Amino acid sequence: MTPLESHENDKDKELIRLELAISIFLRWGVFVSGTLLAIGWVGLWLKSGDVLENFRVYRPEHLSVTIDTAWRAHDYAMLSSILGLAVLVALPISRVLLTAYLFIKQKDHYLAAMALFVFFALLGSFFLGIEI
Amino acid sequence: MYELLLFAVAIGAGFLGALLGLGGGIIVVPALTLLYHVDIRYAIAASLISVVATSSGAAASYLKDSLTNLRLAVFLEVGTVVGAISGFLIASHISSKALYVLFAVFLLFSSVMMLRKREEHPALVDHPWATKLRLASGYPDDKGVYQNYKVSNVPFGLFVMLLAGVLSALLGIGSGIFKVLAMDGAMKLPIKVSSATSNFMIGVTASASASAYFIRGDVRPEIASPVALGIIVGSYFGAKSMSRIPAARIRQIFVVVLAIVSLQMIWKGVQ
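Protein chains in written order, with our numbering: chain A, 1 to 132; chain B, 1 to 271.
A portion of the hints provided could be inaccurate.
What the hints assert, rightly or not - Selected chain B positions facing chain A (Cβ under 10 Å, derived; list incomplete):
id, residue
1, 63
2, 152
3, 204
4, 208
5, 210
What the hints assert, rightly or not - 20 Å max Cα-Cα, derived EDC-like pairs, lysine to aspartate or glutamate:
id, chain 1, residue 1, chain 2, residue 2
6, A, 13, B, 39
7, B, 132, A, 108
8, B, 240, B, 65
Treat the hints as calculated values from the structure; they're not laboratory data.
Note that the structure is predicted; figures quoted are calculated from it, not measured.
We put the beta carbon where it would ideally sit given N, CA and C, even for glycine.
Assemble the whole structure, with the sequences as input and the hints as a guide.
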């Protein structure tokens, strides 16, 4: 018996369908991110070899500087890696927004408000990384 | 060659992380700092990325199998995200040595917690908050029969989630053990639901701080790419192997690993 078959209530069935939609969304998100990271990593490795020893000392470099440097140098491997990481980081944030949508559709205002709070808190955390 | 080895370590971390519900970060940080001598701030940032990868991959399967309690996860995520942001703000003012010691203490704590014998002790009544928010649900047991369960001690569970969020940002791990312990021990949920819901939440906790580290530039693609890729591959095979390998045996092995690594971290921190 599948979870869907075990629920007779139409509201629960709708919830499970949306859970499955989130599941598929996450699966594809991880696949896309993984592909971009693989392309980027192989490219970086072929170009520069092992570079881990360069990170024994902490040297702060803002993301915008890294992107700008890679863009000017046509370093597409670095850009692919950064894009893959961006997709990966954005996945949970997008998933929370989908969850909020799910609860709004269910007219579950408490849970929808909580999901939206989490969503905006995640967005706010992005801004915490920017030095104003 | 070193990066290929890091990729292999990450596969192992993903495999064990998926089996134990830890997200993999608990292996990645010590590996990067002790084996490759990478600065702990880069290591923490890379492991946060790997936790996000593990969580998203595992969540897809758990949601499909109806093991994740979505309503409870959203409720508890409020605590974990607030804690994670607080942890990030604290982390900027703490030295690397202090992070080593903090991380070592957390590993030792994890070892002790993993030695505890787990038994199912279902809640008989819902906490009033659980009733109000309809947090009780059901899940398919080992035989595929749908079992209903209740949720107790909701306020305490929320407090532990906040604490777990702070530790996640400070130590670069998903704090899955705290989450599973809170849901399994305090809120008296079935262990399968606790693990699945914890896996679902650790990605959100990690992404709250990972996004900030990412913008700041601490997530270096040269480190995070092989780590995240390895974790994705390892967690896939870990999830596939879950039914064949006894979890108790894996946990026994992992307790020894955690104890050794934590002692090494304490040594590094006090040097």
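Here's how the hints hold up against the structure:
Because the smallest distance between the Cβ of residue 63/B and any Cβ of chain A comes to about 4 Å, under 10 Å, the interface hint for this residue holds. Nearest Cβ of chain A to the Cβ of residue 152/B: about 19 Å, over the 10 Å cut. The hint is violated. The closest approach between the C-beta of residue 204/B and any C-beta of chain A is roughly 5 Å, which is under the 10 Å cut-off, so the hint is satisfied. Hint on residue 208/B holds. Least Cβ distance to chain A is approximately 5 Å, under the 10 Å limit.
Of the supplied interface hints, the one on residue 210/B holds, with its beta-carbon coming within about 5 Å of a beta-carbon of chain A, less than 10 Å. The hinted pair formed by residue 13/A and residue 39/B fails the criterion: a straight-line CA distance of about 49 Å is larger than 20 Å. Between residue 132/B and residue 108/A the CA atoms are separated by roughly 11 Å; this keeps the pair inside 20 Å, and the hint holds. A hinted pair counts as satisfied when its Cα atoms are at most 20 Å apart, and residue 240/B with residue 65/B qualifies at roughly 14 Å.
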